[in-house]
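**Student:** Residue-level listing of the chains:
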Amino acid sequence: MTHQFPTLSEAQKRELHETALRIVSPGKGILAADESVGSMAKRLAQVGVENTEENRRQYRQILFSADDRINSCIGGVIFFHETLYQHSDNGVPFVKMIRDRGILVGVKVDKGVVPLAGTCGETTTQGLDGLSERCAQYKKDGAVFAKWRCVLKVSDVNPSKLAITENANVLARYSSICQQHGIVPVIEPEILPDGDHDLKRCQYVTEKVLAAVYKAMSDHHVYLEGTLLKPNMVTPGHSCSTKYSPEEVAMATLTALRRTVPPAVTGIAFLSGGQSEEEASIHLNAINNCPLPKPWVLTFSFGRALQASALRAWRGHKENEKAATEQFIKRAEVNSLACQGKYTGGDNYGEAGQRIYEYWPT
Amino acid sequence: MKGRNFLNTCQITCIVISLRMTHPFPSLSPEQKRELSDIAQRIVAPGKGILAADESTGTMAKRLQKINVENTEENRRSFRDILFTSDASFSNCVGGIIFFHETLYQKSDSGKLFPQLVKEKGIVVGIKVDKGTAGLMGTDGETTTQGLDGLSERCAQYKKDGCDFAKWRCVLKISDGCPSALAIAENANVLARYASICQQNGLVPIVEPEILPDGDHDLQRCQYATEKVLAAVYKALSDHHVYLEGTLLKPNMVTAGHSCTKKYTPQEVAMATVTALRRTVPASVPGICFLSGGQSEEEASVNLNAINQVPLHRPWKLTFSYGRALQASALAAWKGKAENRAATQQAFVTRAKINGLASKGEYKPTGAAAQASTQSLYTASYVY
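Chains as they are written, first to last, in the UniProt record's numbering: chain A, 1 to 362; chain B, 1 to 384.
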């Protein structure tokens, strides 16, 4: 088992590594615009817009027609399959619009969660069938990175050993297949914030999950320098009665990552989960200011936390498009500062100046 | 009906508890963690490494035989005494010394117990706690390491007797079918058990999964095997809830097998080594202290220096935990004679200082190395 059989050539490795580096270049993060049709239904319902293909196209156009200000804030955009083949009003393919400004195109390749029998409501994620052929096609169609989301949850009995190993394994299979086609896999083992567990519990679970993920990556011979991680930040459950400062969230998050994510991983781009736009930015900023050494880039891969205001500004009305785009640009710029630890603004940020990071003895 | 419901509740509770694997049960208090972390940081303070002076009686026999010195307890004591009483400056390069059990209870010529002598110089005292390798049936000559029985009580006693860290060596080898999945998993597991027990008793565990340089495999093969072994080690440490900030790693450098015909530069060795470590060792591990294996003194220093110059981000300290590579010249100078004391100490301190510089990437070899320094210290199938 310890004979190395060729997985990737030097040239393939170099391409993957360079792609990963470009996505997380200093000051840049990822716009997760890959909401499935079902997820878009929920988003559009919140602003009273019908979930049609045309409305989805128009909405993404609002984001993609942002001006050059986002070029220094967004390193990559994750597309949903449908969007990859849509065009602007002027007939310009969205993929071209994005690539022409030096932003890399990614695509969500998983096919959603399915239940794991015998567990307490846990899931794995499907989408491996024919994935190799799909990746080859996506590469031809302009994608250079991919995303696959696994979901775990915290409860009295969860996540179970099965859920942890099964999801870690499927993430590693997905990663291995992507890399064969020159596609950088973004690895997303999301631990949901649902529940009343405290910060420590989330940290503990995150450490166990990520340790399993990277063991699986090793077992599947995945080239870590050519991957990105998209984890949850370490936060308390939504119904937890204890409140924690951004510094505590940052310290818990960074401690968990330092204990599990090998330094060879090129970058970590956090999901925003259920956080508000401002919350997500403030947390990302605190993470980047945390005094623990950080061997990887720590940036964002936000969906809602980049789009919520834009969506609300739009409400499906053409006359609101520019205002909506402006909202998106604003969040992109804020997060660009946050991923460099330079965000000083914010409504609820309280006093400016130095924040105190207490030693977190966990 | 009531009794039945109660029973069912108990059964359900038992199932719930057994399904739980993601509740943290306290393994260490914050104070214990802080103590372990502080000890580890002191051992690998900038410019410092470890003197591995924990050769067993059997291994000392081989060392002393080479210089025609009888393997008596007094001779062993005497040699360690010479090293430990060297000029105080060596404590600027040595953060920790690993002892063998016998040595922990021996005294210097001055009558002072060795642990006390060493601690007064600001050096942390460590102790080898494993009990050697044992064969794994059904494998091609592979081993695990024994010593877990009563380890907790032994650790508690060692802590009382002045130790703050421990060392446990596992051995793997490269060949057509090795290291096997069993060898990797079993050694990773036993290292994690040892580490867990040490931490309970306030000792920082040095985790040593040595992959021997025996064989004709190339550099890539060694890198591959090292990555697989270390990935398994850190998964096991996670499974056993080991506090990584309070541990140290003592791995082999990534090198070609000793009979490999292709020669590699220190830079190639360094790059392969750092790459393997970056892919497997979490940043929370404070320090990596390389074993010297069969390398000569000079080779071990030059390679360590190159490692500290690799243009890749290295989030842990990268330093030495050398036995032979710190003591070969000293032994050669000593020859068992009291009148050679000063020369012995000078040889030792010279290597200590060189490795101190190498651990910062600041060593500039002058080219004229002493003969003993460049002699290969490799012996086939090295066994303690």
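Note that these hints are calculated values from the structure, not bench results.
One or more of the hints may lead you astray.
[Said to hold, decoys possible] Restraint-style ranges between C-beta atoms, simulated for each label pair:
hint, chain 1, residue 1, chain 2, residue 2, range
1, A, D196, B, D218, 27 to 33 angstroms
2, B, E362, A, S132, 38 to 44 angstroms
3, A, F5, B, Q346, 48 to 54 angstroms
4, B, F25, A, L116, 23 to 29 angstroms
5, A, P291, B, E362, 23 to 29 angstroms
6, B, Q157, A, Q126, 38 to 44 angstroms
7, A, D194, B, D218, 46 to 52 angstroms
[What the hints assert, rightly or not] Below, simulated BS3-like cross-link-like pairs (lysine-lysine); rule was C-alpha separation at most 25 angstroms, straight line:
hint, chain 1, residue 1, chain 2, residue 2
8, B, K160, A, K200
9, B, K119, B, K364
10, B, K119, B, K62
11, A, K294, B, K119
12, A, K294, B, K160
Virtual Cβ for every residue (Gly too), placed ideally from N, Cα, C.
**Student:** Looking at the structure, which of the earlier hints fail to hold?
**Tutor:** Of the numbered hints, 1, 2, 6, 8, 9, 10, 11, 12 do not hold.
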